[in-house]
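Peer 1: Now for the letters of each chain:
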Amino acid sequence: MQTQSKLLEMKGIVKKFPGTLAVNLVDFDCIAGEVHCLVGENGAGKSTLMRLLAGIHQPDSGTIAVNGQEIHLRNYSEARKHGIGIVYQELSLLPDCTVAENLFMGIWPRKKSGLVDWQEMYKKTSSILSQIHLDLDPKELINNLPVAVRQMVEIGKVVSQSPSIIIFDEPTASLSKDEVQLLFDIIRNLRSQGKGIIYISHRLAEIFELADRVTVMKDGKVMATRPLEEFTEESLISLMVGRELKEIFPSKGKIVANAKMVFSASVQYTPSSAPVSISVREGEVLGIGGLQGQGQIRLLQTIFGIGKANQLVVEINGVPCRIHNQYDAIGKNIALIPANRTEEGIFQTMSVSDNLSVATLGKRSKLGFISRKQETVAVVEMIKELSIITASVHQAAMSLSGGNIQKLVLGKWLLANPLVLILLEPTKGVDVGTKQHIYQLIRKLADQGIACVLYTSDMLELIGMSDRVVVMNHDVVTAELTGNSITEENIMRAAVAVVGLGEAYHV
Amino acid sequence: MFERRRNLLIYLPVYIVAVSIYLIAGILQPRFLSWNNNVNLFTRIVPLLLAGIAQMFVLLTGGIDLSVGSVIGLTNVVAALLPFVDTGWNIVLWLIIPPMIGLAIGLCNGFIISRWEFPPFIVTLATNTVWSGFALLIMDVPGGKISMNLYRAITGKLFSLIPVPLILIMAIISITYLILRHTVFGRSIYALGGNKNIARESGIRVERIEVATYAMSGLFASFAGMYLSVIMISGDPLVGEPYVMNSIAVAVIGGVALSGGRGGVQGILGAAYIFYLIDNILNLLGVSTFYQYVAKGLIIILALAITSREKGLPLRIKAK
Numbered sequence: 001m002q003t004q005s006k007l008l009e010m011k012g013i014v015k016k017f018p019g020t021l022a023v024n025l026v027d028f029d030c031i032a033g034e035v036h037c038l039v040g041e042n043g044a045g046k047s048t049l050m051r052l053l054a055g056i057h058q059p060d061s062g063t064i065a066v067n068g069q070e071i072h073l074r075n076y077s078e079a080r081k082h083g084i085g086i087v088y089q090e091l092s093l094l095p096d097c098t099v100a101e102n103l104f105m106g107i108w109p110r111k112k113s114g115l116v117d118w119q120e121m122y123k124k125t126s127s128i129l130s131q132i133h134l135d136l137d138p139k140e141l142i143n144n145l146p147v148a149v150r151q152m153v154e155i156g157k158v159v160s161q162s163p164s165i166i167i168f169d170e171p172t173a174s175l176s177k178d179e180v181q182l183l184f185d186i187i188r189n190l191r192s193q194g195k196g197i198i199y200i201s202h203r204l205a206e207i208f209e210l211a212d213r214v215t216v217m218k219d220g221k222v223m224a225t226r227p228l229e230e231f232t233e234e235s236l237i238s239l240m241v242g243r244e245l246k247e248i249f250p251s252k253g254k255i256v257a258n259a260k261m262v263f264s265a266s267v268q269y270t271p272s273s274a275p276v277s278i279s280v281r282e283g284e285v286l287g288i289g290g291l292q293g294q295g296q297i298r299l300l301q302t303i304f305g306i307g308k309a310n311q312l313v314v315e316i317n318g319v320p321c322r323i324h325n326q327y328d329a330i331g332k333n334i335a336l337i338p339a340n341r342t343e344e345g346i347f348q349t350m351s352v353s354d355n356l357s358v359a360t361l362g363k364r365s366k367l368g369f370i371s372r373k374q375e376t377v378a379v380v381e382m383i384k385e386l387s388i389i390t391a392s393v394h395q396a397a398m399s400l401s402g403g404n405i406q407k408l409v410l411g412k413w414l415l416a417n418p419l420v421l422i423l424l425e426p427t428k429g430v431d432v433g434t435k436q437h438i439y440q441l442i443r444k445l446a447d448q449g450i451a452c453v454l455y456t457s458d459m460l461e462l463i464g465m466s467d468r469v470v471v472m473n474h475d476v477v478t479a480e481l482t483g484n485s486i487t488e489e490n491i492m493r494a495a496v497a498v499v500g501l502g503e504a505y506h507v
Numbered sequence: 508m509f510e511r512r513r514n515l516l517i518y519l520p521v522y523i524v525a526v527s528i529y530l531i532a533g534i535l536q537p538r539f540l541s542w543n544n545n546v547n548l549f550t551r552i553v554p555l556l557l558a559g560i561a562q563m564f565v566l567l568t569g570g571i572d573l574s575v576g577s578v579i580g581l582t583n584v585v586a587a588l589l590p591f592v593d594t595g596w597n598i599v600l601w602l603i604i605p606p607m608i609g610l611a612i613g614l615c616n617g618f619i620i621s622r623w624e625f626p627p628f629i630v631t632l633a634t635n636t637v638w639s640g641f642a643l644l645i646m647d648v649p650g651g652k653i654s655m656n657l658y659r660a661i662t663g664k665l666f667s668l669i670p671v672p673l674i675l676i677m678a679i680i681s682i683t684y685l686i687l688r689h690t691v692f693g694r695s696i697y698a699l700g701g702n703k704n705i706a707r708e709s710g711i712r713v714e715r716i717e718v719a720t721y722a723m724s725g726l727f728a729s730f731a732g733m734y735l736s737v738i739m740i741s742g743d744p745l746v747g748e749p750y751v752m753n754s755i756a757v758a759v760i761g762g763v764a765l766s767g768g769r770g771g772v773q774g775i776l777g778a779a780y781i782f783y784l785i786d787n788i789l790n791l792l793g794v795s796t797f798y799q800y801v802a803k804g805l806i807i808i809l810a811l812a813i814t815s816r817e818k819g820l821p822l823r824i825k826a827k
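Chains A and B are the protein sequences, given in the same order.
So that you can map any letter, position 85 of the first sequence is 85 in my numbering, and since no number is skipped, the others follow by simple counting.
In my numbering, each residue's number is its place in the second sequence (first place is 1) plus 507.
For the record, the hints were derived by calculation from the structure and aren't laboratory data.
Glycine residues also receive a C-beta, built at the ideal position from the N, C-alpha and C atoms.
Be aware that a few hints might be false.
Unchecked claim - Calculated lysine-lysine pairs in the DSBU-like style (CA-CA distance at most 35 Å, straight line):
{"hint": "1", "chain 1": "B", "residue 1": "LYS703", "chain 2": "A", "residue 2": "LYS139"}
{"hint": "2", "chain 1": "A", "residue 1": "LYS218", "chain 2": "A", "residue 2": "LYS16"}
{"hint": "3", "chain 1": "A", "residue 1": "LYS157", "chain 2": "A", "residue 2": "LYS112"}
{"hint": "4", "chain 1": "A", "residue 1": "LYS444", "chain 2": "B", "residue 2": "LYS803"}
{"hint": "5", "chain 1": "A", "residue 1": "LYS157", "chain 2": "A", "residue 2": "LYS16"}
{"hint": "6", "chain 1": "B", "residue 1": "LYS703", "chain 2": "A", "residue 2": "LYS366"}
{"hint": "7", "chain 1": "A", "residue 1": "LYS363", "chain 2": "B", "residue 2": "LYS703"}
Unchecked claim - Across the chosen pairs, the derived CB separations fall in these ranges:
{"hint": "8", "chain 1": "A", "residue 1": "SER266", "chain 2": "B", "residue 2": "ARG715", "range": "41 to 47 Å"}
{"hint": "9", "chain 1": "A", "residue 1": "LYS16", "chain 2": "B", "residue 2": "PRO537", "range": "47 to 53 Å"}
{"hint": "10", "chain 1": "A", "residue 1": "ARG372", "chain 2": "B", "residue 2": "TRP596", "range": "53 to 59 Å"}
{"hint": "11", "chain 1": "B", "residue 1": "LEU765", "chain 2": "A", "residue 2": "ASN143", "range": "50 to 56 Å"}
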């Protein structure tokens with residue numbers, strides 16, 4: 001492999017931002033026909049390095065060469081001209097335009113008269129879509145497509161410009177397992193065409209499945225660049241964070257055999273369908289598993305009063321609660337931590353303090369006037385408790401890192417002293433160190449008697465955190481696992497099981 | 508605490524521009540800097556300040572209120588038509604009825620916008636027409652009367668020293684600041700403007716807050732209408748018209764983001780000054796009315812460029 005031509009070579013790259021050395025003397029390269037994975041915690045410098053390749057930032061020193069020729073990138077279109085394509089984590093498609101319009105945005109094929117050649121555009125779109133094995137009408141609106149398909153279209157958009165180097169920035173964050181496999185097929189196909197692939201991901205399983213070479217970054221520096229075979233999962237993680245894998249999850253709760261039920265909920269969507277029920281015992285973390293999009297989020301949101309149900313029965317500590325909307329749920333001390341933390345979780349322009357206190361303003365106010373003193377005390381305590389890293393409580397929330405933002409959302413609801421805490425993907429896109437902290441926190445809350453319900457698409461997290469796992473398949477609970485029966489195999493078996501309505505089996 | 512200070516710095520450009528224009532006026536016409544002229548400025552600036560604040564409440568939630576003009580016009584006319592005999596009860600009536608009208612119109616706007624999720628721009632554009640029509644129906648040409656005692660009270664001096672309009676300005680700004688920063692309602696406004704969905708998820712009664720901000724807008728606009736009737740000692744159904752756009756301009760130059768969630772009352776006084784002083788200077792210079800319009804528009808854009816935190820000049824302190 002060493003003899004092969006280097007498509008991309010970055011040497012001695014340094015990039016400073018005010019207050020931080022984001023990239024510190026980094027050497028990085030990519031060879032034709034390889035998948036080069038880039039891993040590291042959030043803030044390790046991966047994204048900055050890729051932004052340098054996209055021409056969004058310029059390096060303070062060091063050189064970037066494509067095909068042995070040194071280049072200086074001032075913007076993304078220059079990067080594109082040099083054959084660098086980037087598939088972004090956040091979708092950059094226009095929702096009210098068709099697939100074809102999105103693929104050819106700005107590069108519409110023209111007729112001689114100068115008008116847009118729609119026939120040509122649809123024809124080209126079809127051929128691009130078939131290239132990435134996507135069976136889709138070019139005239140379909142992006143709005144009508146599920147997120148996973150949009151992600152594929154996004155890839156199509158990049159591929160259509162036939163770049164020689166393609167960067168995937170956490171492309172699987174919104175994909176289900178099947179879709180991930182489809183994506184991998186596409187990536188392998190691109191690799192066999194002699195493209196250089198740079199793949200950024202938090203998910204180690206993907207890296208071991210896909211990578212030819214792996215580069216680990218930490219604190220702006222490259223810790224190692226080696227062929228995949230020379231890494232084990234443990235060594236990879238310890239290079240990223242400097243701690244062993246088994247330390248990540250706190251030990252599970254000690255479940256007393258006949259512990260009392262602190263929370264139970266039963267949802268019936270339509271009069272004819274069977275109700276879906278979950279319950280949490282004292283000191284327990286209940287995990288909700290299954291493939292993505294099997295009604296887990298719908299169930300939990302319905303319990304929280306968002307979404308419609310024919311019948312919703314909720315009991316907290318044996319007391320039945322009426323819940324018609326989220327205000328009722330909040331009033332009954334139920335808290336829901338949403339999945340999409342930057343879009344759904346925080347007020348970007350508001351301060352850390354305002355973000356933390358926003359859900360509990362009523363508790364610290366008299367006649368509508370907020371007690372600033374009480375507020376500051378509560379906020380500062382929570383920041384300490386969660387070790388949120390912020391310069392001051394008045395700092396704008398959007399300036400925090402991803403992990404700290406997630407803690408902020410958690411803190412907002414912990415201030416409400418919830419009895420039931422529903423967490424949707426609490427560690428999505430969060431670095432390993434913060435993950436560990438959040439895990440410990442969830443466990444601590446469960447120990448304090450708060451009923452914790454955890455939905456996660458991360459199998460390791462589900463297995464590592466849950467005292468009990470409910471597996472869902474198409475709005476039906478197909479298995480309830482406890483203790484040693486919580487294994488990947490059991491969960492997957494229940495997740496893919498073909499079941500009739502209302503049927504469930506217990507292991 | 509450092510961040511606090513930086514937040515205040517955000518409003519500095521507005522006041523730098525305002526003071527600069529003030530000093531330029533002073534150089535052009537030294538009499539401009541006299542105490543008497545300053546008292547006159549305090550008196551004239553109040554309605555623009557009130558209208559700007561009215562607009563600010565709605566803009567902060569990400570909405571817009573084009574009906575402030577008609578509320579000012581209608582309440583102005585009503586205030587001038589109410590019995591002006593100076594008995595206690597009449598004064599109480601005078602103090603209560605116009606704000607009730609403003610409040611009712613605001614509630615009505617808010618209800619339509621919130622209940623059916625209609626675009627506020629169109630809804631308030633329509634209601635603006637409706638209430639302007641009502642104002643003209645009640646009084647088709649300027650007229651009516653106002654108690655001279657009221658006039659003397661508003662244009663007078665407290666302890667023969669502090670001009671009442673200055674006290675009003677201080678009170679208006681303090682009360683608005685208190686509402687925005689120290690009440691659940693104020694904090695909810697920012698949350699709603701920042702992100703409606705998260706606000707809802709955080710248990711904030713989004714619809715109620717939205718309706719309430721339009722009501723606040725109507726209330727503050729009615730104060731402006733009443734104030735205008737006093738200093739004009741009469742009513743004019745069309746007096747509110749320029750305030751529709753001027754209130755938006757004042758709020759935005761004062762640092763309120765049109766997209767909602769950002770800004771506050773701190774910059775609005777400066778913005779109102781900028782606005783009023785431009786007129787004043789152009790008059791002092793004897794610029795003809797046609798050129799005044801052109802110059803005013805250009806100066807507003809310049810002021811916006813210097814004070815804006817949305818885009819443009821890199822004055823915005825950008826967080827990484």
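Peer 1: Run every hint past the structure and note whether it holds.
Peer 2: Consistency of the hints with the structure:
| no. | hint | verdict |
| --- | --- | --- |
| 1 | B:LYS703 with A:LYS139 | 32 Å, holds |
| 2 | A:LYS218 with A:LYS16 | 15 Å, holds |
| 3 | A:LYS157 with A:LYS112 | 25 Å, holds |
| 4 | A:LYS444 with B:LYS803 | 62 Å, violated |
| 5 | A:LYS157 with A:LYS16 | 31 Å, holds |
| 6 | B:LYS703 with A:LYS366 | 25 Å, holds |
| 7 | A:LYS363 with B:LYS703 | 21 Å, holds |
| 8 | A:SER266 with B:ARG715: 41 to 47 Å | 31 Å, violated |
| 9 | A:LYS16 with B:PRO537: 47 to 53 Å | 52 Å, holds |
| 10 | A:ARG372 with B:TRP596: 53 to 59 Å | 40 Å, violated |
| 11 | B:LEU765 with A:ASN143: 50 to 56 Å | 25 Å, violated |
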